[in-house]
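Student: Spelled out, the chains give:
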Amino acid sequence: MATMTMAKALNAALADALLEDDRVLVFGEDVGQLGGVFRITDGLQARFGDKRCFDTPLAEAGIVGFAVGLAMSGLRPVVEMQFDAFAYPAFEQIASHVAKLRNRTRGKLSVPMVIRVPYAGGIGGVEHHCDSSEAYYAHTPGLKVVTPATVSDAYSLLREAIDDPDPVVFLEPKKLYFASGEAQLPARTEPFGRAVVRRAGTDATLVAYGPAVPVALEAAEAAREEGWDLEVVDVRTLVPFDDGTIADSVRRTGRCVVISEAQGFAGVGAEIAARVQERCFHALHAPVLRVSGLDIPYPAPMLEHTHLPSVDRILDTVARLQWDDQPDPRWLTQGSAA
Amino acid sequence: MTTTPQAVRRASPRTRRPATPAATDPAAGLLPQTEPVRLLDPDGTPLPARDDYPEPPIEALREMYRRMVVGRRFDTQATALTKQGRLAVYPSSRGQEACQVGAVLALRDDDWVFPTYRESMALVSRGIDPVEVLTLLRGDWHCGYDPAARRTAPQCTPLATQCVHAAGLAYGESYQGRDTVALAFIGDGATSEGDFHEGVNFAAVFKAPVVYFVQNNKYAISVPLSRQTAAPSLAYKGVGYGVPSEQVDGNDPVAVLAVLTRAVAHARAGHGPYLVEAHTYRMEPHTNADDATRYRDADEVEAWRDRDPVARLETYLRARGALDDAAVAEIAGQAEAYAADLRERMNAQPTVDPMSLFDHVYAEPTPQLVEQREQVRAELAAAAEGDA
Ligand SMILES: Cc1ncc(C[n+]2csc(CCOP(=O)(O)OP(=O)(O)O)c2C)c(N)n1
Ligand SMILES: [Mg+2]
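Just so you know, the sequences run in chain order A and B. If you're matching positions, the first sequence starts at 1 in this note's numbering and goes up one per residue. If you're matching positions, the second sequence starts at 339 in this note's numbering and goes up one per residue.
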């Protein structure tokens, strides 16, 4: 085991993929000599040459559309979108071609590729640099959507994404890039489609993914003082989604809070909450609650802490899980048409 | 000085592309000729031979004629099938036969084509089964042919998005040591979309062997070209990306084939992309569902009837002694047989399988899709039991 940052693990995953598979090409904006604005591609061009790792014109639709053509020719593109909100110009290419080509052609054409997106907030970034855009991708059939929360997962999931026969949107939580963890490379963790219990507990299940996982773990630690023993499940791959591990956990604990950094309305957290209550209704002692970002455009840096799910907000929400079997006072005053 | 179209035209007076660009003007070698290249008069009379665009071999022109006649018959049949309710919709390319067939003839079989919804005629000209081409419009699946085997991308409806795919494919092929050329079709209106510009630019920066072939048929549904651009013509869009460009009379089959042959050779020789604009006209409405009388008048359409590309080539080939009444009749017979076969095969009701909905979303269905598949299976079983 060694201590390293998630950024280092991602860099190692790209390097190992370039080394082991000649078809892999890494490209995007500033990924060459500079090594990317987050240095995730640091040193790759020097090591593998500018045919394997290269800068492109500044045009995100162009980058993703170019990758479609490269994949059609048999190569394995791994592209970097510089920031979450700057992937939006590529959305038409992603939604209309990347996600659909296999289906449109009855499997005759497929376009395996990885679209890496540094995403979400918590780094004091100015506007357009902190969006949680996972719902757009998870809502698009044909894409796999992955977001690591640990250093080992960063390496393993990225390697698996590059090897996957389908296109993968790989969402890298920016605020975890330079957080360190223990990892032994080349790490191989649970495959796509498997959620992982990060902390065992008996009283309630916190379901989280990506940047929300460390917050959930922190909240679970703090909850001990309040007398709650909380389980934390890391979803890891939003598509394909692991209903089983999450439902098993909630059936054991009888209570569930879903935590996502994204704005909550019509989001992935809402989907998870709905799936849990469909599957666990008879095991539930309380409605499934959600803690999410507020339903606002991502706020200015000095205000983001109010927006982001916090330990306190999570614990306040856990407190509303019907421990005394009384109506939740919040719904007595809110959410009524009257 | 303002850059009116006239002013730009005057700034580029040459009629022949020099072998090397003039040292003084780095754009000179990239600009199209000021008038569309033309080798036949509209009535089919040959114009004086020119050494920048040598006339294609007569056998190639004869084959072009044959395919144009068959292609036009296919197009008419598809329109008829739409009226009978066999197709949901059909965008005709009647009037654009020289472009549709010329592009295909300029390519090798192992080159790639990136077509739009307008290119059904080009695809059947490429030898793709017309029933497979019409699968999309009949509605039993999206792309009916095998794009990898036919080296032909699915017909693209999101405008201009195919331009970037062509750049990537062509670069990927050359990266792997193959001399494949990609030809991307695009309409005049779609040149306003960002992906056209991103595609041409990527191809130029990566020196990808792509021919961008703009069929300027003057309208994007109802919107005329003047609403798309203030450029002297669409071929002038290449120079900004460092891409050599040409404009051609798109209803002159001989010129279309000559210009595209040169463009393909340029790309294949490793000089990067090439942009060709063909001036043509769509004789039919945008699709059968469109009412073209709302935005263009009959006189305009009639004027284009006089420039019919099929008649033009026929006149020329007859004058050259490459075509006679017997040959014309024989080719017409081939076209009729082709249409009859298509009609008959399109009359058979296609079988669709609801269970196939889950097959090609991912390489392996997700657990959620497996659940939904079982649900649909149960629904179908229950319905079948109800029927029994
Ligand atoms: C991105 C996008 N916007 C709008 C449309 C709807 N649409 C389909 S065809 C068309 C006109 C395109 O005109 P042009 O590029 O000149 O091609 P033509 O149809 O004349 O061959 C439009 C607006 C579309 N398919 N894609
Ligand atoms: Mg048009």
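Derived by calculation from the structure, the hints in this document are not laboratory data. Careful: at least some of the hints might be erroneous.
[Unchecked claim] Heads up, simulated SDA-like pairs for lysine to any residue below, C-alpha to C-alpha not over 20 angstroms straight-line:
#: 1; chain 1: B; residue 1: Lys545; chain 2: B; residue 2: Pro364
#: 2; chain 1: A; residue 1: Lys108; chain 2: B; residue 2: Val690
#: 3; chain 1: A; residue 1: Lys108; chain 2: B; residue 2: Glu640
#: 4; chain 1: B; residue 1: Lys545; chain 2: A; residue 2: Gly49
#: 5; chain 1: A; residue 1: Lys108; chain 2: B; residue 2: Val699
#: 6; chain 1: A; residue 1: Lys51; chain 2: B; residue 2: Gly610
#: 7; chain 1: A; residue 1: Lys108; chain 2: B; residue 2: Thr473
#: 8; chain 1: A; residue 1: Lys108; chain 2: A; residue 2: Ala95
#: 9; chain 1: B; residue 1: Lys421; chain 2: B; residue 2: Arg683
#: 10; chain 1: A; residue 1: Lys108; chain 2: B; residue 2: Lys421
#: 11; chain 1: A; residue 1: Lys108; chain 2: B; residue 2: Lys556
#: 12; chain 1: B; residue 1: Lys556; chain 2: B; residue 2: Glu668
#: 13; chain 1: B; residue 1: Lys556; chain 2: B; residue 2: Asp697
#: 14; chain 1: A; residue 1: Lys51; chain 2: B; residue 2: Tyr455
#: 15; chain 1: B; residue 1: Lys545; chain 2: A; residue 2: Arg52
#: 16; chain 1: A; residue 1: Lys51; chain 2: B; residue 2: Asp517
#: 17; chain 1: B; residue 1: Lys556; chain 2: B; residue 2: Asp628
#: 18; chain 1: A; residue 1: Lys108; chain 2: B; residue 2: Gly610
#: 19; chain 1: A; residue 1: Lys108; chain 2: B; residue 2: Pro364
[Claimed, not checked] Where chain B lies over chain A, by a calculated footprint (3+ residues, C-beta under 8 angstroms):
#: 20; stretch: 27-40
#: 21; stretch: 83-97
#: 22; stretch: 145-153
#: 23; stretch: 253-262
Quick reminder that beta carbons are idealized off the backbone N, C-alpha and C, glycines included.
Student: Now tell me if each hint is right for this structure.
Tutor: Results for each hint:
Between the alpha carbons of Lys545 of chain B and Pro364 of chain B the distance comes to roughly 18 angstroms, so the proposed pair stays at or under 20 angstroms and holds. Under the criterion of a C-alpha separation no larger than 20 angstroms, the hint pairing Lys108 of chain A with Val690 of chain B is consistent with the structure, at around 18 angstroms. With a C-alpha separation of about 43 angstroms, the suggested pairing of Lys108 of chain A with Glu640 of chain B is violated against the 20 angstroms cut-off. With a C-alpha separation of about 18 angstroms, the suggested pair Lys545 of chain B and Gly49 of chain A falls inside the 20 angstroms cut-off, and the hint holds.
About 12 angstroms separates the Cα atoms of Lys108 of chain A and Val699 of chain B, which keeps this hinted pair within 20 angstroms; it holds. As the CA atoms of Lys51 of chain A and Gly610 of chain B are separated by approximately 17 angstroms, the hinted pair is consistent with the 20 angstroms bound. Note on Lys108 of chain A and Thr473 of chain B: the hinted pairing holds, with a Cα-Cα distance of about 15 angstroms set against a maximum of 20 angstroms. Pair hint Lys108 of chain A plus Ala95 of chain A holds up; C-alpha atoms about 19 angstroms apart against a cutoff of 20 angstroms.
A C-alpha spacing of about 16 angstroms is found between Lys421 of chain B and Arg683 of chain B, which places the hinted pair at or below 20 angstroms, so the restraint holds. Distance restraint check for Lys108 of chain A and Lys421 of chain B: the Cα-Cα separation of roughly 31 angstroms exceeds the 20 angstroms cut-off, and the hinted pair is therefore not satisfied. A hinted pair counts as satisfied when its Cα atoms are at most 20 angstroms apart, and Lys108 of chain A with Lys556 of chain B does not qualify at roughly 35 angstroms. A distance of roughly 34 angstroms separates the Cα atoms of Lys556 of chain B and Glu668 of chain B; the hinted pair therefore is violated under the 20 angstroms criterion.
A hinted pair counts as satisfied when its Cα atoms are at most 20 angstroms apart, and Lys556 of chain B with Asp697 of chain B does not qualify at roughly 41 angstroms. In summary, the hint linking Lys51 of chain A to Tyr455 of chain B is not supported, as the alpha carbons are separated by about 34 angstroms, beyond the 20 angstroms threshold. Taking the CA atoms of Lys545 of chain B and Arg52 of chain A, the gap is near 16 angstroms; set against the 20 angstroms cutoff, the hint holds. Between Lys51 of chain A and Asp517 of chain B, the direct Cα distance comes to roughly 18 angstroms. Compliance with the 20 angstroms bound is thereby established for this hinted pair.
Between Lys556 of chain B and Asp628 of chain B the alpha-carbon distance is near 16 angstroms, which keeps this suggested pair within the 20 angstroms criterion. Pair hint Lys108 of chain A plus Gly610 of chain B does not hold up; C-alpha atoms about 28 angstroms apart against a cutoff of 20 angstroms. Simply put, Lys108 of chain A and Pro364 of chain B have alpha-carbon atoms about 44 angstroms apart, too far for the 20 angstroms limit, and the pair is violated. Counting residues of the stretch 27-40 of chain A whose CB lies closer than 8 angstroms to any CB of chain B gives 0, which falls below the minimum of 3, so the coverage claim is violated.
Counting residues of the stretch 83-97 of chain A whose C-beta sits closer than 8 angstroms to any C-beta of chain B gives 5, which meets the bar of three, so the coverage hint holds. For the stretch 145-153 of chain A, the stated coverage by chain B is violated: 0 residues have a C-beta nearer than 8 angstroms to a C-beta of that chain, whereas at least 3 were required. Only residues whose C-beta sits within less than 8 angstroms of a C-beta in chain B count toward coverage, and the stretch 253-262 of chain A has 0 of them, not enough to reach three; the restraint is violated.
Hints 3, 10, 11, 12, 13, 14, 18, 19, 20, 22, 23 from the earlier list are contradicted by this structure; the remaining hints agree with it.
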